[in-house]
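Taken in order, these protein sequences are the chains called X, L, P and W. The opening position of the first sequence corresponds to residue 0 in numbering that gives the first Met the number 0, with each subsequent residue numbered one higher. The opening position of the second sequence corresponds to residue 0 in numbering that gives the first Met the number 0, with each subsequent residue numbered one higher. The opening position of the third sequence corresponds to residue 0 in numbering that gives the first Met the number 0, with each subsequent residue numbered one higher. The opening position of the fourth sequence corresponds to residue 0 in numbering that gives the first Met the number 0, with each subsequent residue numbered one higher.
Rather than coming from a laboratory, the hints here were simulated on the basis of the structure. Careful, some of the hints might be misleading.
Which copy? The list can't say, so a pair holds if one copy fits it or any two copies do.
As the list claims (entries may be wrong) - Simulated pairs of lysine-lysine, DSS-like, Cα-Cα distance not exceeding 25 Å: (1) K70 x K197; (2) K54 x K246; (3) K246 x K70.
Protein chains: 4
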Amino acid sequence: MTPTIQLGANQYGKAETRVVRVNRSGGAHEITDLNVSTALSGDLTDTHVTGDNAKVLPTDTQKNTVFAFAKEHGIGEIEEFGLHLARHFVDSQEPIHRSRITIEQYFWDRIGVGGTPAPHSFQRSGVETRTATVTYDGTTSWVVSGLRDLVVLNSTDSEFWGYPRDRYTTLPETHERILATAVNAEWRHVAAEGDWGKSYAEVRRHLVEAFAQTHSLSLQQTLYAMGSRVLDNRPEIAEVRLSLPNKHHFLVDLSPFGLTNDDEVYFAADRPYGLIEGNVLRDDSPEPGLAWG
Amino acid sequence: MTPTIQLGANQYGKAETRVVRVNRSGGAHEITDLNVSTALSGDLTDTHVTGDNAKVLPTDTQKNTVFAFAKEHGIGEIEEFGLHLARHFVDSQEPIHRSRITIEQYFWDRIGVGGTPAPHSFQRSGVETRTATVTYDGTTSWVVSGLRDLVVLNSTDSEFWGYPRDRYTTLPETHERILATAVNAEWRHVAAEGDWGKSYAEVRRHLVEAFAQTHSLSLQQTLYAMGSRVLDNRPEIAEVRLSLPNKHHFLVDLSPFGLTNDDEVYFAADRPYGLIEGNVLRDDSPEPGLAWG
Amino acid sequence: MTPTIQLGANQYGKAETRVVRVNRSGGAHEITDLNVSTALSGDLTDTHVTGDNAKVLPTDTQKNTVFAFAKEHGIGEIEEFGLHLARHFVDSQEPIHRSRITIEQYFWDRIGVGGTPAPHSFQRSGVETRTATVTYDGTTSWVVSGLRDLVVLNSTDSEFWGYPRDRYTTLPETHERILATAVNAEWRHVAAEGDWGKSYAEVRRHLVEAFAQTHSLSLQQTLYAMGSRVLDNRPEIAEVRLSLPNKHHFLVDLSPFGLTNDDEVYFAADRPYGLIEGNVLRDDSPEPGLAWG
Amino acid sequence: MTPTIQLGANQYGKAETRVVRVNRSGGAHEITDLNVSTALSGDLTDTHVTGDNAKVLPTDTQKNTVFAFAKEHGIGEIEEFGLHLARHFVDSQEPIHRSRITIEQYFWDRIGVGGTPAPHSFQRSGVETRTATVTYDGTTSWVVSGLRDLVVLNSTDSEFWGYPRDRYTTLPETHERILATAVNAEWRHVAAEGDWGKSYAEVRRHLVEAFAQTHSLSLQQTLYAMGSRVLDNRPEIAEVRLSLPNKHHFLVDLSPFGLTNDDEVYFAADRPYGLIEGNVLRDDSPEPGLAWG
Numbered sequence: 000m001t002p003t004i005q006l007g008a009n010q011y012g013k014a015e016t017r018v019v020r021v022n023r024s025g026g027a028h029e030i031t032d033l034n035v036s037t038a039l040s041g042d043l044t045d046t047h048v049t050g051d052n053a054k055v056l057p058t059d060t061q062k063n064t065v066f067a068f069a070k071e072h073g074i075g076e077i078e079e080f081g082l083h084l085a086r087h088f089v090d091s092q093e094p095i096h097r098s099r100i101t102i103e104q105y106f107w108d109r110i111g112v113g114g115t116p117a118p119h120s121f122q123r124s125g126v127e128t129r130t131a132t133v134t135y136d137g138t139t140s141w142v143v144s145g146l147r148d149l150v151v152l153n154s155t156d157s158e159f160w161g162y163p164r165d166r167y168t169t170l171p172e173t174h175e176r177i178l179a180t181a182v183n184a185e186w187r188h189v190a191a192e193g194d195w196g197k198s199y200a201e202v203r204r205h206l207v208e209a210f211a212q213t214h215s216l217s218l219q220q221t222l223y224a225m226g227s228r229v230l231d232n233r234p235e236i237a238e239v240r241l242s243l244p245n246k247h248h249f250l251v252d253l254s255p256f257g258l259t260n261d262d263e264v265y266f267a268a269d270r271p272y273g274l275i276e277g278n279v280l281r282d283d284s285p286e287p288g289l290a291w292g
Numbered sequence: 000m001t002p003t004i005q006l007g008a009n010q011y012g013k014a015e016t017r018v019v020r021v022n023r024s025g026g027a028h029e030i031t032d033l034n035v036s037t038a039l040s041g042d043l044t045d046t047h048v049t050g051d052n053a054k055v056l057p058t059d060t061q062k063n064t065v066f067a068f069a070k071e072h073g074i075g076e077i078e079e080f081g082l083h084l085a086r087h088f089v090d091s092q093e094p095i096h097r098s099r100i101t102i103e104q105y106f107w108d109r110i111g112v113g114g115t116p117a118p119h120s121f122q123r124s125g126v127e128t129r130t131a132t133v134t135y136d137g138t139t140s141w142v143v144s145g146l147r148d149l150v151v152l153n154s155t156d157s158e159f160w161g162y163p164r165d166r167y168t169t170l171p172e173t174h175e176r177i178l179a180t181a182v183n184a185e186w187r188h189v190a191a192e193g194d195w196g197k198s199y200a201e202v203r204r205h206l207v208e209a210f211a212q213t214h215s216l217s218l219q220q221t222l223y224a225m226g227s228r229v230l231d232n233r234p235e236i237a238e239v240r241l242s243l244p245n246k247h248h249f250l251v252d253l254s255p256f257g258l259t260n261d262d263e264v265y266f267a268a269d270r271p272y273g274l275i276e277g278n279v280l281r282d283d284s285p286e287p288g289l290a291w292g
Numbered sequence: 000m001t002p003t004i005q006l007g008a009n010q011y012g013k014a015e016t017r018v019v020r021v022n023r024s025g026g027a028h029e030i031t032d033l034n035v036s037t038a039l040s041g042d043l044t045d046t047h048v049t050g051d052n053a054k055v056l057p058t059d060t061q062k063n064t065v066f067a068f069a070k071e072h073g074i075g076e077i078e079e080f081g082l083h084l085a086r087h088f089v090d091s092q093e094p095i096h097r098s099r100i101t102i103e104q105y106f107w108d109r110i111g112v113g114g115t116p117a118p119h120s121f122q123r124s125g126v127e128t129r130t131a132t133v134t135y136d137g138t139t140s141w142v143v144s145g146l147r148d149l150v151v152l153n154s155t156d157s158e159f160w161g162y163p164r165d166r167y168t169t170l171p172e173t174h175e176r177i178l179a180t181a182v183n184a185e186w187r188h189v190a191a192e193g194d195w196g197k198s199y200a201e202v203r204r205h206l207v208e209a210f211a212q213t214h215s216l217s218l219q220q221t222l223y224a225m226g227s228r229v230l231d232n233r234p235e236i237a238e239v240r241l242s243l244p245n246k247h248h249f250l251v252d253l254s255p256f257g258l259t260n261d262d263e264v265y266f267a268a269d270r271p272y273g274l275i276e277g278n279v280l281r282d283d284s285p286e287p288g289l290a291w292g
Numbered sequence: 000m001t002p003t004i005q006l007g008a009n010q011y012g013k014a015e016t017r018v019v020r021v022n023r024s025g026g027a028h029e030i031t032d033l034n035v036s037t038a039l040s041g042d043l044t045d046t047h048v049t050g051d052n053a054k055v056l057p058t059d060t061q062k063n064t065v066f067a068f069a070k071e072h073g074i075g076e077i078e079e080f081g082l083h084l085a086r087h088f089v090d091s092q093e094p095i096h097r098s099r100i101t102i103e104q105y106f107w108d109r110i111g112v113g114g115t116p117a118p119h120s121f122q123r124s125g126v127e128t129r130t131a132t133v134t135y136d137g138t139t140s141w142v143v144s145g146l147r148d149l150v151v152l153n154s155t156d157s158e159f160w161g162y163p164r165d166r167y168t169t170l171p172e173t174h175e176r177i178l179a180t181a182v183n184a185e186w187r188h189v190a191a192e193g194d195w196g197k198s199y200a201e202v203r204r205h206l207v208e209a210f211a212q213t214h215s216l217s218l219q220q221t222l223y224a225m226g227s228r229v230l231d232n233r234p235e236i237a238e239v240r241l242s243l244p245n246k247h248h249f250l251v252d253l254s255p256f257g258l259t260n261d262d263e264v265y266f267a268a269d270r271p272y273g274l275i276e277g278n279v280l281r282d283d284s285p286e287p288g289l290a291w292g
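Work out the full structure: start from the sequences and follow the hints.
Here is the structure:
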């Protein structure tokens, strides 16, 4: 080994442990359906350089811990479960100096039978997932909540014009287009405590309502409106990061068939797609620290 | 070419045309979001054997027809749109003797803003898709409706015991397990006309309710209950075909950690999975003909 | 239960058991990497109608059998492994009257180190998979071999013209286009025995060579050439079934930029795509029986 | 808008433009098959806050530029094509201060016919893709090359033992296991010029050979061996980043069937999987700047 070569940033863990918990304590069951990933870093040079694993808590143990904690402590909101796991690994393993727990939650609705909710029957609802990323360094905890694949569409109130044209520009300006995207959003909390469930519901509501209510001159404008709407209304949030694919819907040219297409029939394209990414944050928000990884 | 070689069954078409139609005629917009595939067969030996395309309506034309029909005739229920397309190709192209149109529909909910439905803003709902397969041979039309990826779960009322054991059997019997599946169902209509929208809603309701209400001794029993429930209640349906993956949820052994797992914490496995497939039909139902392809 | 409702065709089994076998007997290791699915049918009315499982060999047992057979009998060619499994289930379980074993094989190449093949290091090769489907009814065995996702492309020698035009036709005729497809092929063997490895290699070779050597006037013509080439050269094959997506490559219009595009720059589209399906078979081939399911 | 809310980091572009170029200039054709994504950032506050697009070069124009450049300048190595595109956007658009071009390349082999390479027929080779990410800020260019989904497996020479045990540890130590991973690697070049094709081939060779030649006590050790092998041999590389999923192969317990499993039959699991991530770099390497984004 050449002396000038060194190990840089590194982490290891168990990805995508699929844990499902059934709470049978009430009259009706509750289910919580998660995909949990753990990542630890710290004093891990030995295993990389010599293969000495004395400081490497196995990823298999990390997986076992996820299952055991779901029993010992329940799950509750995913931010809470993440905090519990994140703190456990750093606080119990001396060589581990930082942990990051990433959780996806899948939603289920209760099945209705004859108009009455069935007590222990469920159906998956929605394509979107709720997410949480919790980071802990032995002193501070950071919580980022989020959602993924919330697919939304406005059938009007979207324009795109006034842009610069160069030699390669052929796009016609438009004052009427479909605007569709799959919202991928993450938002950083000011503090590592709060009413996670309510906060999630409210942030999600503000994102969706801002999407619906913004007369859009660009997807960037919609992105900023969504992020600032959240910050305007939720003091517990310091920063919102959005990644919005522009899922193009092209008006089909029906004129060869003697038909007029008055913004009625569209082709939904797969690729390429626009990709608009941006962060919106408060001036006075605390530093992000290790929140974003 | 050896004389003993011949062309067998064949078909060709355009797969996965993604057409979205916006109906702006009312105060609030309506959107219809489809994935349409066409497949034609008939007197097509020439193109296979010599490359003479005189009888081959291009797949590009088939795609154009999907878009144009969405404008000229609207879409309505997908069975109706499928019938319209299926009949068009056979009736207008002499060499084409059979057409099969397969449609997937994606569902959208109206976004609510402050409790009020927004007039032209939508979000994708559910992971499930509605499907229709329409076949036409110049005389008869067959309609098969369906749904795909309706993920459901019962957290109790499922058992599995009393099965034969051979040298390779290690599975313990159980009187309490999670039963979860992704319902893939298709059902054949007695006739090529009807109230497609209502029929779909009712068949779906019966499938889901039968899943929830069946105390299951095997996924086969649940399958049969689902299919027969539909036939018992919907005289317009002749046959139901179900394909039900058994999405295993394994109870995690927490005893090494000194914990008892009272049917509470599960591991949701990906593969392998059970796969239960079966048809349920009426004695007196008409012959399927070309319905299933 | 209404007396007019009955159970139709049905089967059940364990899908996608991922078994990897390492043969360490020689100086260099060999690995076999499979995805095995089993499906059984027979006297299975009871479990559907009453939940009595006395005739239902658990899918878990089927999975165990796959692993155990990989040890007891080795794997060999996948057709052979499939025959072994197919016969076992029907011959050992009286209520089971038909079994179908479907296998996918993933290919690995030996890693070279300094030009020498390493004895126990491998890399996945190719996107394509080899497949086999074996069916057995207690008397007869049928073997269908195949391959999936063999992606091929001809950059010239492909034309498409002379087709009928209707009101919806806009496609210009072409004498020069890219022809690309992902070959999905299955071929039925005359008999349930043979040199499976050699047969596979030769059929694959003929399919690929026929694709490369055919000056194509339609993808149908290419399909027929591929199938008949196999039958012309491999007497052990009775029938070839091909499903060929036409992976469109559209010439980009560069004229707005003052550039000429002499069949040089293409856009590779995802959807929609053409889909050409057809069977090629011998006059004198044995009846397919249950081969295709 | 509350004055304390501000726009943070942001970028926009066209993702996944699928461009295929056929070079017909020689006796045999050559094809280059790419997936190109562009992302621009700069003085873009207006479009976010007011919807004024005067500084927003349309993503459609970016796509057109990709196609036009493939014609005007050819493609060459993907790092070169990326540099060309990256510099164009910043140098030609005053408000754009940084561009990042991400390219995936898919590999094709020439089809052999009767042992001779066909001049214009190709088949997709391998599951792996080659990647390049080029960043430019108006002054400096950074080049990161990479590969994705190179799936490799050692059938021996892998151990895992000597790790700490806590209350949740059940994993038995092993001195013999399968080690399999899908290599995802990126490596930063010291300079934005070089023999890209040769560098790629050599880095890939060193990664694969190091994987094969390392007797592994942990996947971390293998990771470090792979990264340091590259740096030891390729002075043009400053840093290697590796993300290695541990694709678990579990030895199947065949003892219930009276069989001994001498490291022969394995179950290949999907999830959860270990995930080992790490960077290896030189002491004396230049600062990464904007290379990694």
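For this session: List in ascending order the numbers of the hints, as given earlier, that are violated by the structure.
Result: none
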